[in-house]
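Dock chain to chain to rebuild the complex, using the hints, since each chain is given by itself in its own frame.
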Amino acid sequence: MVAENAGLSPTIELRNLHRFFGTLRAVDNVSFSAYPGQVMGFIGPNGAGKTTAMRILATLDLPIAGDALICGESVINEPDRVRRVLGFMPDSFGRYPNMNILEYLDFFARAYGFRGAVRRDAIERVLAFAELEPLLDKQIDTLSKGMSQRLCLGRTLIHDPEVLILDEPAAGLDPRARVELRELIRLLATEMSKTVLISSHILTELGEICDSVSIIEAGKILASGTIEELQQGTGSSVEVDVESAPVTEIEVTMLGDAGGLETWLVQQAYVDQVTVAGQRLTITFSGDDDARHGLLKAIVLADFRVVSFETKTQSLEDTFMRITRGELQ
Amino acid sequence: MSVVDRTLDRTVGLIERLSDRLNPILVKETRQSTQGTFFAMVFLMFIAVSWVVLTLGTLSQWERLETDPTAEMFFGWYYAVLSFAAFVVVPFGAYRSLLVEREQHTYDLLTITTLEPRRIVQGKLASSVLQVLVYYSAIAPFIAFTSILQGFDVLWVSWVLALSFLWSIALCSVAMMTSVSSRHAQWQTTNLVGLIVMLLIGWSTALSFVVVGEAQREMDEPNFWLVTGICVVLGSSYIALAQQVTISRITFASGNRSSGIRWILTIQFWLFVAAIALLSVVNVGVAMDEDAQLVVGTLATLHWTVAGLFLVTESEFLSRRIRSRFSTSRGRRLLSAPFLPGGSRGLVLVFGHLAILCLGMALLAGVLGVATARHARGVVGTFVLVLNAVVWLGVAAIISRWARKVSYRITNAHVRVLTVLLFVLVQFVSMVPMIISGRNSFSVIHALNPFVMVAEVDDAGRIGFAAGVAAMIILLFAAAVLLLVNLPAMYRGIRAVTDGPTPQPTPQPTPQHDPPEGSSGA
Ligand SMILES: Nc1ncnc2c1ncn2[C@@H]1O[C@H](COP(=O)(O)OP(=O)(O)O)[C@@H](O)[C@H]1O
Ligand SMILES: [Mg+2]
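From first to last, the protein sequence lines stand for chains H and F.
Position 33 (the first sequence) corresponds to 33 in my numbering; numbering is contiguous.
Position 519 (the second sequence) corresponds to 519 in my numbering; numbering is contiguous.
Source of the hints: derived by calculation from the structure; they are not laboratory data.
For glycine and all other residues, C-beta sits at the position ideal for the given N, C-alpha and C.
Hints are all accurate, no fakes.
Reference listing, derived: stretches of chain F covered by chain H, where coverage requires no fewer than 3 residues with Cβ under 8 Å from a Cβ of chain H:
| id | region |
| --- | --- |
| 1 | 28–42 |
| 2 | 98–112 |
| 3 | 241–254 |
| 4 | 308–321 |
Below, simulated SDA-like cross-link-like pairs (lysine to any residue); rule was C-alpha separation at most 20 Å, straight line:
| id | chain 1 | residue 1 | chain 2 | residue 2 |
| --- | --- | --- | --- | --- |
| 5 | F | K405 | H | T23 |
| 6 | F | K405 | H | I64 |
| 7 | F | K405 | F | L418 |
| 8 | H | K138 | F | Q35 |
| 9 | H | K145 | F | T106 |
| 10 | H | K138 | F | T37 |
| 11 | H | K297 | H | V274 |
| 12 | H | K138 | H | E124 |
| 13 | H | K138 | F | R31 |
| 14 | F | K405 | H | F20 |
| 15 | H | K138 | F | T106 |
| 16 | H | K138 | F | T34 |
| 17 | F | K405 | H | A65 |
| 18 | H | K138 | F | G36 |
| 19 | H | K145 | F | Q104 |
| 20 | H | K138 | F | V27 |
In isolation and in its complexed conformation, chain F is listed as follows (with noise of 0.2 Å):
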């Protein structure tokens, strides 16, 4: 054996061990698409746009490239040829690659290995990352021409390709949950045509806000970085959501779909919370600000509300499957029981969540020491959102039970759609008077129509008193008859989970199941 046959034997043995480590899924597409064509078209295309840009841009320019800053103008044409590879290429990749898994048959050898779902959609985002890296790596050059151009900021480009490679993931995830979002070849062209769209406006957003550049003008304020850090860290909590969605949407059915859904959704609630706090930390004018507290009211309703939404139609039944997981302690199973899947336990967590979203305000208010009529329009207007909240998630709740008692071809997305459809009606109907009488005023009618009351609470000269108050009476009412409604559900479900027996090791024949989710299979 020559010296170079045993370096050889040495290299080619650290990269197996190497690729030991690698997720086998990106080990697959990577050998996958260095031996098929697709990839080197798109790239070798990637590359002779970058050069006709170089080119044209140089030979147009060649007057000005010594004196005036063209090195803006340049980084915009290759970011727009960049960010097109990574926002629209990549991500639709990402979304055929999953389909393409489905419609080949492979999608089931991939399921019978021991490869946890979470595994293959992390591989699958893995072959995604390294994708849009090469795309990155292939620029390079090209932006570092600019950097020697007149009006180069290093910062700045560094700043918007760190976040585009965020971006990129972002969108990818969305694909990917795209891709499994539907079993059903009916909506396919719809969630197909949805996501063209949809990455198409993600990558003219990005490219409109390099090019326009406003935040590089703000990149000398203050709380510049500390925005960036909170936006990069929310931003990545919805990647996290997006791929747990995924991994939800392909786990075996009586696994368990909902759980790290959870507790994804409560520690989004909490890093919001926690970033809130920071701003108003660094800069105390936002927590007494009224508008900015109404937002932040708004946004972590409107979280709580359309989770719930998908929360609170689950399905009660805890599979075997699940049981088998379940703590000895009891204490540990009551804390656990809102995490886990069920209609009646998502009820326990988002109401849980809301109520402490409404202690804070109050204390908010309480403490900041501006509880008067005026000061606490972002807290009473936060209020009306939750005891919105409150009746609409109570009516999804009941509705789907009911229709679990009824048939099992109504399914959670019926649920959900039906809700969604009644909630708009009452909207509408609440409207009615107003419409005919030409005229914009208040009334109790209103009481269930948040955009009024929220307008009505935040624009508080104009409230009738006595409307007003009834309004928020009739609106306090429904929520406490949906809540004493949907409470011995949610009391059954945390007993489902602390006093539900503990699974035997060997399992028994015959148990009754939930028909596995819509009809399933092919």
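Just chain H, with the same shape it has in the complex (with noise of 0.2 Å):
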């Protein structure tokens, strides 16, 4: 978090936010920063809270208690204030009929109050932005699926907002889709230093453009941090004990029989759980570097007849699931 070493504040302050339906806790006691040039992942499972805590920091809802930031200003008390640097892209396109994509950036150009050249540019710069200059007087009805999406942030970006809010916005977007969408979300951060906070329930779909990411689950942030910290499992942690320590997972594939090397390893320091398969054995290893080559030798020494000693980073997808226990509300 290179911008939050730098001193800036941030950009989007949730502070300890509340969200009840009824007795349906769907935000509850939620905290997190964001910083300009951040791209910031907010994952969990569906009915996770990510929508209801979007809405409330997009000044559609109120929360019941806490309060929430955008550049300083509250969501709650100055919701006119935070409108003007902010973007929001619900989860749902938001249609109107019989219009085209210029008319549709047109209406909302004017909605934020802009007029004559300051409108046209402001068009011009959303569509060159989304690459949608082509497709001006095509009918917003009969878009596809990826070009509805890249309107739809445009029309997010139509009053060059400083933090954006996504609401999973790759949904149902097809892999070359998806792909570009995500290079206008790294360039946003990037070559704008914009703020943005992009939700999903898939955090293999953030993991390569986020800087860091808040997991949540039942209303309850578990886990946030950067996506190396939370696979090393250092990420600050809320609710659960994500283990304190590196875990790493070894493969070790062999020529011949496993069990002798199975009951040699369990006796070896950090080595937390062995399982074999065949000719190949997966070490549960919760040592460090040093540690691993210390025991990589000491199997060689040993005159076991390895063929392959492979250290397995862990997946996006193991880190989520290991967080997050699918609790469902």
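Structure, rendered in structure tokens:
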């Protein structure tokens, strides 16, 4: 988190946000911050409370307690000021019938109070960014999912907001459109140093673009930090004890029977668990790099017929599965 | 660049600049309706029907055209066509237009732009007005045709068309109010049916009013234009009220949803007073007439009672957003307090105006020197109604405060319904002795029955004197008790404004909020 270290103030700040629907705790004491130039992932299974929290950030709903600040302004007390610096892309398109792309963007530019040349410039900037120029007079109800999503993103950018809140923008996109969208979002953070909060129920979808993630389940933040921190289990976690030492898995393949190696391995330091499948062993190992080197040296010296020794980094999905417990509301 | 190009460029530039001044919603909806098929279809049908009327009318009346006054009949037919468009089609479109924004999830997108709720509502109304104007101009040639027929009354036709325009806007405003009145799906069908029935009634009433043409014969009456003017002003005030209610409904929950409505209600009351004063000056008989006094008193009390039912059941909570707009001067805060949201402040506003009404009536009776037992019927009748209003609004306020302590699930609407049910129950109980005995006699049990009480006051001869006084004392006592019980809350409500903390520029973390109204959201 470069920005944080540079001493910038957060552009998105959730402070003990609560929103209940009756007895259902949709958002339950959620706090986190994001900084300019940062892409923050907001990840949780369906029904975790992502949309609810994002709607509060977008001044569409009120928390029952707590507050959220966008560029230092409270979403409760200064929604008008927040709206000027915030772009929100809901999980639904919001299409108007009988309208083409140009008119659609023109309408939102007008709604943000842009006039004359300023309005034209805003529309042109967005069209160029989302690469929609060739489709100007295409009716919006005939657009493909990928196009719609780009138009939505464009609409979100029409007033050049500093903070972007995108609710599951990649949902339902084909891989190609997904890559394009990812590129656009990356660009927003790096080139234009906007703050982007992006939600998804699939961690891998966000892995490559997010600087950091917050994982939410049943209304509570379970863990947050950079992707690396989470994978190593060092991210700050609120509710769940994510194992604090870095845990790695080592996969060993050997010639002949693996049984002998297994009995030998379980007596070694830092080896928590060994599973055997034919000639392949998977070691759950809690030591650091030195310890791992020591283990490899010991295996070779003990003359086991090892042909490969491979450290597996945890996949994002594993991390996600480890942190969330599959609790549904 | 050719001359044509340059001219075109200039024209388009001009249109662009003009459209900048217009409401974005109006621009958008106009574009949509020119591209869509719906408006075009309805419009073509409208023209087609007008032609049919012209053709069939001319053919069937061919012999009489030159000799007999057929203009009225033709105008009646065209008015039926026009008014159906203006009173049913356009208002229904206004209703759908706001509803569709919600259904298509575009409403959220609109909300988070810097477009204020007021502008959204104004834009929707403006596009309805534009449609009505289009229908008007489409029918204009046909009406011009009727003007060459015998018996065409220019003044009457202009009067009808002008008032119909206002009536159309009023119906559109109410339709828009209906579309935002409930977010719950189960109410949407009820609302839809209710709206359609209302629009059809609105249409047929206007149509029969014009066809019967009673007002046409009264156009020479001395007060005709004065009464028209008053109706237009008061009618416009209701349009403003419906608009303000719509705006309030779509205002962000932490915003001020009440003050606009309170101001309009107050202005309406004073306009009403001014209208009565004006009528009395022009026609002194009105002020002297006790029946008129009672009607005026009843209407004014009804105005504040119905409004009060909504105002006194509001949540007391003043959000930081509302507080941040407080004046720094204590005096100004005190004056503005009754206009700020909150049930207790609503009580102050409503009770204050009811007191003004009573005082005014008493003064009127005194000044006119008609305060004899017989001539005071209007005044006493008004007192009875006002005391009843104090009782029931007091009850509503108490229930509202109590409900808020018990459960957040009890909404303002529940409180209002409960109060009305209680009122109906008391009326029913007070009628039981009469029903059982079968005799239509007045007794003290009718103290809390404003209908029987006012009828008795009105019909002064039949009232049992002792019973009447006793009933009056009971009513006075009940009103006094409810006023006293509510007084501390009213005091606190005002103090919360005058002594409340001035807002700090930087917001504090974790303020405890009232839950947003209802189970809002989806
Ligand atoms: N308006 C509402 N009324 C009642 N419950 C709601 C409302 N909105 C969301 N919820 C509930 O809150 C929980 C969180 O929903 P949501 O924020 O949409 O989850 P996510 O976006 O993470 O899938 C869900 O259980 C959902 O059913
Ligand atoms: Mg969601």
